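S.K.: Respectively, the protein sequence lines represent chains A and B. Using the numbering used here, you'd call the opening residue of the first sequence number 51 and step up by one each time. Using the numbering used here, you'd call the opening residue of the second sequence number 51 and step up by one each time.
The hints are simulated quantities; they were obtained by calculation from the structure and are not laboratory data. Since the model is a prediction, treat every value here as computed from it, not as a measurement. Misleading hints may appear alongside valid ones.
Since copy identity is lost for identical chains, a pair holds within one copy or between any two.
Dumping the calculated EDC-like pairs for lysine to aspartate or glutamate here, alpha-carbon to alpha-carbon at most 16 angstroms [what the hints assert, rightly or not]:
1) K343 x D312
2) K289 x E67
3) K289 x D114
4) K316 x D354
5) K216 x E80
6) K289 x D219
7) K343 x D310
8) K289 x D86
9) K356 x E326
What follows is the residue order along each chain.
Protein chains: 2
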Amino acid sequence: MSDTKSFSELLDFIRSETDSHLGKLDLPEEPTYLYDPIRYALAGKGKRLRPILVHLSGRGFDADPDDLMYAGLAVELLHNFTLIHDDIMDHDDTRHGKQTVHKKFGTEAAILTGDSIFTLAQLIIGQVQSNTVQALQAFNKASLTVCEGQAYDLQFEGDSTVTLDKYLDMISRKTGALLSLCAELGGILGAKSDDVCAELRSYGLNLGRGFQVQDDILEIFSDKENLGKSLESDVAADKQTILTILARKHDGWNEISRSDADISTKRERMRSFYIETGVEVRAREISQGYIDKAKDSLTIFEDDHKITMDQFTDFVLNRTH
Amino acid sequence: MSDTKSFSELLDFIRSETDSHLGKLDLPEEPTYLYDPIRYALAGKGKRLRPILVHLSGRGFDADPDDLMYAGLAVELLHNFTLIHDDIMDHDDTRHGKQTVHKKFGTEAAILTGDSIFTLAQLIIGQVQSNTVQALQAFNKASLTVCEGQAYDLQFEGDSTVTLDKYLDMISRKTGALLSLCAELGGILGAKSDDVCAELRSYGLNLGRGFQVQDDILEIFSDKENLGKSLESDVAADKQTILTILARKHDGWNEISRSDADISTKRERMRSFYIETGVEVRAREISQGYIDKAKDSLTIFEDDHKITMDQFTDFVLNRTH
Chain A
51 MSDTKSFSEL LDFIRSETDS HLGKLDLPEE PTYLYDPIRY ALAGKGKRLR PILVHLSGRG
111 FDADPDDLMY AGLAVELLHN FTLIHDDIMD HDDTRHGKQT VHKKFGTEAA ILTGDSIFTL
171 AQLIIGQVQS NTVQALQAFN KASLTVCEGQ AYDLQFEGDS TVTLDKYLDM ISRKTGALLS
231 LCAELGGILG AKSDDVCAEL RSYGLNLGRG FQVQDDILEI FSDKENLGKS LESDVAADKQ
291 TILTILARKH DGWNEISRSD ADISTKRERM RSFYIETGVE VRAREISQGY IDKAKDSLTI
351 FEDDHKITMD QFTDFVLNRT H
Chain B
51 MSDTKSFSEL LDFIRSETDS HLGKLDLPEE PTYLYDPIRY ALAGKGKRLR PILVHLSGRG
111 FDADPDDLMY AGLAVELLHN FTLIHDDIMD HDDTRHGKQT VHKKFGTEAA ILTGDSIFTL
171 AQLIIGQVQS NTVQALQAFN KASLTVCEGQ AYDLQFEGDS TVTLDKYLDM ISRKTGALLS
231 LCAELGGILG AKSDDVCAEL RSYGLNLGRG FQVQDDILEI FSDKENLGKS LESDVAADKQ
291 TILTILARKH DGWNEISRSD ADISTKRERM RSFYIETGVE VRAREISQGY IDKAKDSLTI
351 FEDDHKITMD QFTDFVLNRT H
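Full structure from sequences and hints, please.
M.R.: This is the structure:
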């Protein structure tokens, strides 16, 4: 019980430190066309899962706290950049209950806001003192992989021939690569061997897969208030998700997926179908399977810290939104 | 005469080496949604002014040729990234006689293509061996400044209160910062002092200002075949250019700029007005003034190499398109 408390205190501490540093970024006022939307984008109170993972991973190897702060801020900015551009591409109007950047400031400003936040991320990760170039290269390799994942996601829209393997490859890039980077940065900044870094990447990758599969499930099974984003956008865009891919093998799916019903009705029918056919349960098992696999990698940490990492892993999955 | 010949041979050599390395970038086939537009964007035969400047600057300080190639490729990719995103924001349909990326592949793919090319640039500049972190930080500081310049450009659209100073600040960021970076990278990779690097930045900045003022002039006074891009986009978007800002002081400008004539007629009328009022001549003087100022910085180079840099400076301005 006290362990749980100190774990949650640790998370709160990292989150508030991250928020505080984000608030203290030395951003100019002008041009307002650019810096107003940047401030707007960074003012959101995110869960800061990615910086938390950087810090937790790096603490396990006694990495320098300042380096971890730089790296944590950089991955959070990278994450923000991808959200801003993805929201344009996916035509999403709200995120965490707020208007998306392009909805509020226009597509032109949102493109530039994303570009600039990505550049700020590069400037910040360039300030780490240990293995700077290695950290930067890992950062950019992961960024490119995330772009590839988003490309697959868009390429797959409306394509009902996408296999489970292709879907899993897509989410490994789109969501896995960034969490993989976060875990790896802890190892790079803690000067750990290539083998340890590879295990850290594997941890983050499987965590990301489990997280994204769960995200697909929540988009259909959560309440809008909890998820804080447009719930029907996957359905509207005919996105391939773990649920649509598993459902496709079951009789009756075509009628539902191709129906002309309004989006809200269609989502309700899909939800019932996923429950009746066991697709929901199967999807939850797949998510949990990745989380279990992620935990298998945690033996690289000392016992005490392994407990913290286990707690973090459960924490990521035990969200209602 | 033989000097001129060897100068032009040198430029051809750097250009063909740059093209060859761009062609050999190890790009995967999949996802085609991303890599088809990336290949399309990089297949254009640009003038490669920016990599040429990196090489010429660095040769003056015996920088490592491999480092210069990495840096040259990175700035060319950075330039391509900004063109792709700017074309979306400026709604330009053609560039160098080819469809722009967003026109051919859609805005979503074009956003992602720009993001990925920028990331590739980061990965490539991260491979320089001398002063890697310094090169990366300079690269990203310049990238952020370029974003600010584009933001001012968009913010200024249709704003006839923009002063000459504000316009000059905008082009210093939008065009000057990148050429400034190119010149500076030669110094960074050649391990030169901060003072020398500052002088190199000053050279590139003034070269960029002269270049952009000339670009504004060419957009109105060149033929479409030469410039190879939509000639009327500045007029259509009511962009602030050196010509509109100088013209504003002359009687009769308001009638022309606010007229409802079609874009082509409006451009013709503006052209005549710029000639009659001496605005064209004044703009050309301003451009030449920056070029002269740029040349003043070239005393940091040894005599022989200074001649080459002088030739390059003239070469940049002596374009018909």
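S.K.: Now tell me, hint by hint, if it's right for this structure.
M.R.: Hints, verified against the model:
1. Neither within a single protomer nor between protomers do K343 and D312 lie at most 16 angstroms apart by alpha-carbon distance, with minima of 39 angstroms and 65 angstroms respectively.
2. In this assembly of identical chains, the alpha carbons of K289 and E67 never lie at most 16 angstroms apart, being 36 angstroms within a copy and 43 angstroms across copies at closest.
3. Proximity of K289 to D114 under the C-alpha cut-off of 16 angstroms is found in neither arrangement, the shortest distances being 41 angstroms within a copy and 48 angstroms between copies.
4. With identical chains, the CA atoms of K316 and D354 are never at most 16 angstroms apart, being 48 angstroms at best within one copy and 74 angstroms at best between copies.
5. In this assembly of identical chains, the alpha carbons of K216 and E80 lie at most 16 angstroms apart only when taken from different copies (12 angstroms versus 44 angstroms within one copy).
6. Taking the shortest Cα distances, K289 and D219 sit within 16 angstroms of each other inside one copy (15 angstroms), while across copies they are farther apart (44 angstroms).
7. In the homo-oligomer, the alpha carbons of K343 and D310 never lie at most 16 angstroms apart, since the shortest distance is 40 angstroms inside one protomer and 66 angstroms across protomers.
8. When the C-alpha separation of K289 and D86 is checked against a cutoff of 16 angstroms, the pair qualifies neither within a copy, at 32 angstroms, nor between copies, at 22 angstroms.
9. When the C-alpha separation of K356 and E326 is checked against a cutoff of 16 angstroms, the pair qualifies neither within a copy, at 38 angstroms, nor between copies, at 78 angstroms.
Checked against the numbered hints above, the structure violates hints 1, 2, 3, 4, 7, 8, 9; every other hint is satisfied.
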